[in-house]
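Just so you know, the protein sequences line up as chains A and B, in that order. All you need for the working numbering is the position in the first sequence, starting with 1, plus 37. All you need for the working numbering is the position in the second sequence, starting with 1, plus 253.
Hints are not guaranteed to be accurate.
Pairs of lysine to aspartate or glutamate, EDC-like flavour, derived with a Cα cap of 20 angstroms [as the list claims (entries may be wrong)]:
hint: 1; chain 1: B; residue 1: K438; chain 2: A; residue 2: E123
hint: 2; chain 1: A; residue 1: K145; chain 2: B; residue 2: D333
hint: 3; chain 1: B; residue 1: K342; chain 2: A; residue 2: E158
hint: 4; chain 1: B; residue 1: K426; chain 2: A; residue 2: E123
hint: 5; chain 1: B; residue 1: K308; chain 2: B; residue 2: D285
hint: 6; chain 1: A; residue 1: K141; chain 2: B; residue 2: E434
hint: 7; chain 1: B; residue 1: K525; chain 2: B; residue 2: D493
hint: 8; chain 1: A; residue 1: K141; chain 2: B; residue 2: E429
hint: 9; chain 1: B; residue 1: K517; chain 2: A; residue 2: E123
Okay, the calculated bits of chain A under chain B, using three or more residues with CB under 8 angstroms as the criterion [said to hold, decoys possible]:
hint: 10; stretch: 113-126
hint: 11; stretch: 137-150
It is worth saying that the hints were derived from the structure and are not from the lab. Every residue gets a Cβ at the ideal spot worked out from N, C-alpha and C, and that includes glycine.
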Amino acid sequence: MRALVIDDSRAIRLILGQILKALKIEVIEAGHGLEALEKLKEFGPLDLALVDWNMPEMNGYEFVCEVRKDDQYKDMKLMMVTTETEMAQVIKALEAGANEYVMKPFTKDMIVEKLTIMGLEID
Amino acid sequence: MALNPADFDYISKIVREQCAIVLEKGKEYLVDSRLMPLVHQEKLGSIEKLVIQIKSEPRSSLKDAVIEAMTTNETSFFRDIHPFETLKKEILPELLAKRKDKKELNIWCGASSSGQEPYSLVMLLKNDFPQLNSWKINFSASDISNQMLNRCKSGIYSQLEINRGLPALLMVKYFERIGTEWQVKEDLRKMIQFRIINHSESWPVMAPVDLLMMRNVFIYFDVEMKKNILGRIRKLLRPDGYLFLGAAETTLNLDENFERMPFKQSGCYRLKQG
Numbered sequence: 038m039r040a041l042v043i044d045d046s047r048a049i050r051l052i053l054g055q056i057l058k059a060l061k062i063e064v065i066e067a068g069h070g071l072e073a074l075e076k077l078k079e080f081g082p083l084d085l086a087l088v089d090w091n092m093p094e095m096n097g098y099e100f101v102c103e104v105r106k107d108d109q110y111k112d113m114k115l116m117m118v119t120t121e122t123e124m125a126q127v128i129k130a131l132e133a134g135a136n137e138y139v140m141k142p143f144t145k146d147m148i149v150e151k152l153t154i155m156g157l158e159i160d
Numbered sequence: 254m255a256l257n258p259a260d261f262d263y264i265s266k267i268v269r270e271q272c273a274i275v276l277e278k279g280k281e282y283l284v285d286s287r288l289m290p291l292v293h294q295e296k297l298g299s300i301e302k303l304v305i306q307i308k309s310e311p312r313s314s315l316k317d318a319v320i321e322a323m324t325t326n327e328t329s330f331f332r333d334i335h336p337f338e339t340l341k342k343e344i345l346p347e348l349l350a351k352r353k354d355k356k357e358l359n360i361w362c363g364a365s366s367s368g369q370e371p372y373s374l375v376m377l378l379k380n381d382f383p384q385l386n387s388w389k390i391n392f393s394a395s396d397i398s399n400q401m402l403n404r405c406k407s408g409i410y411s412q413l414e415i416n417r418g419l420p421a422l423l424m425v426k427y428f429e430r431i432g433t434e435w436q437v438k439e440d441l442r443k444m445i446q447f448r449i450i451n452h453s454e455s456w457p458v459m460a461p462v463d464l465l466m467m468r469n470v471f472i473y474f475d476v477e478m479k480k481n482i483l484g485r486i487r488k489l490l491r492p493d494g495y496l497f498l499g500a501a502e503t504t505l506n507l508d509e510n511f512e513r514m515p516f517k518q519s520g521c522y523r524l525k526q527g
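So that you can see chain B by itself, here it is in the shape it has in the complex (with noise of 0.2 angstroms):
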């Protein structure tokens, strides 16, 4: 059954007033293929319906369940696997000769969503850096949805997620098999620390970060909330520190400090330096 307009208006609404994400025409099929497991969830029959009954109690939980379901992403291990290989050939290397000394490095994953990404990049310091073990890696990982962020913690993955981009080798060294899904070993999961971060709002104080991922999160804001976001970043961020984006994302006519990397479809940028 096709969405109403007047319900997919209220759908952009309370999204965008709850978490600033911005759901333009057009993306009425992203609102019916999230919303269409919990209206079956719920037994309510149609997205209509889950709207009707959103408006009778404005404060009950479903309202909450819809925006996760709207903030929830397909994602995968590795994903668009260019990111990786650029950390791992030359930002990587990089930062740990600047923080040979230290030997300390600050990471954080803004949009967790399911865990791969943060788990993949743990996969990658433990596998490539071996050195990094006797370094202090304060690596939070972040999303708005608290039902993803405890699958996160709990780094469970059906077979249908492990196969996807996960290389072979690394699920034997990294994987436990539970029943038919597959768990993150326990060393893994207690290196990350995973918390609730919207990006609209405030964001709790933090160390300044080595590294930060936020890729495929400013495809969802408007340009005034890109620029914000932007803005929290460049404070956030060390000066010889590198942010990631999206392959589809840009910081270009949004902030003039940050300078892209020469990077293969890496999505790096790196604030302007001097």
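Next comes chain A alone, as it looks inside the complex (with noise of 0.2 angstroms):
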């Protein structure tokens, strides 16, 4: 399984990415929206992305829209992990096609829970 880790801060990368490579999970690192495009065309669809809201270039939601007016990515689950809590914003990324959402801050356990809700088999 691959995974997308999208966030500007280098040290929330570092901790997603160790929770899911102790999940057998390969991990591809993109700083922004636009960054993480790039990485999509160089990989092909991946199985996983998570995707913080607030980037520098292109941020998290509009990187949601993105990928899912693609159809080559419909099968790729897409959740994301930030620090905006507001109700209004979690129903507009569900609304652009996010799979799932986690507020910061977030434990293994969570994301680990989360991974499971989105129906991914992981060990």
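The two chains are supplied separately, each in an independent frame; assemble them into the complex guided by the hints.
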């Protein structure tokens, strides 16, 4: 299984990457939405993306909208991992096509539970 | 500071006397982690001083606070997921078909703790079985801890708790933001009757139950009390009703009247048929 971790914080990318790698998921990192789209072109459709909201160049919401426009990524699971905690933002992300939503701060257990909710088979 | 053996024995003794929960050697860490917040709250400095205080005033509310702290569980929404998938795909469709004439369902969550389990079940009923809107659902949820029951009734959860196991779509549908916290919507809260029940004492009179969630309760009890509780469940459960135990719990060698259902890691049991 391959996942994209998109966050402008290197520390958060590292933490999320470690959680995913412990689950035997291959991790590709991107610092913002535009870079993430480039990685998708390079690597092709992935199984999962963990997406921060507030990032330079292209934010996470815009990234979700872009990905959902392209049919080749229709099976890719998108999970927001963000400090945005307003109900309106959660609804906006889900309506744009995000599959799940985690509000920072997070724990490993939270991430694992949400991956299970999305139907990903993890070790 | 390490918990001294005499204090551990004393805590074990009062917990066993009050609610028949067995704390075996090796559970010192559990006592320590559960009671230190209380020690800090009461400004006592150590569990040793907490024990001295209780011994000097055995009828004080401090003893009740210790019992509450020791019987409170960590939990999450849709904990262990498999039981809920089994309920959604197998058990509830079957029960709904069998009860379609009477349109009535009796459900009991026997260890509701801070409420995630009963609310998960209510969300499952509302979201996946909308036909139940016209049914009479008698939904009880119980716990030994008064403090926990009050939390259940409020239906208020922190951001950290709301992140645990709750699908975002259900959060949007069934919760409201209250300041920095999240509250289960009123119509869901009203569906559940919360009550104090101590499993080691006699249970209140209840109508026969179609679905009984008794997960992660047995791990605290000794063999005799487990047999006793299963005997009472046997009388309470409808002949075609279902019992859910925790993933690490079983009726095996305790009560031969139950059979385990072949659903993946669900801990689902029913009374032996015929």
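Results of checking the hints against the structure:
1. B:K438 x A:E123: At roughly 16 angstroms apart (the allowed maximum being 20 angstroms), A:E123 and B:K438 satisfy the hint.
2. A:K145 x B:D333: Holds. A:K145 to B:D333 sits at ~15 angstroms (cutoff 20 angstroms).
3. B:K342 x A:E158: Holds: B:K342 and A:E158 sit about 19 angstroms apart, inside 20 angstroms.
4. B:K426 x A:E123: With Cα atoms ~14 angstroms apart, B:K426 and A:E123 stay inside 20 angstroms; holds.
5. B:K308 x B:D285: The hint holds at about 18 angstroms.
6. A:K141 x B:E434: Distance ~14 angstroms between A:K141 and B:E434 Cα, so the pair holds.
7. B:K525 x B:D493: holds, 9 angstroms
8. A:K141 x B:E429: Within the cut-off at roughly 18 angstroms; holds.
9. B:K517 x A:E123: violated, 37 angstroms
10. 113-126: holds (count 3)
11. 137-150: holds (count 10)
Of the numbered hints listed earlier, the single one contradicted by the structure is hint 9.
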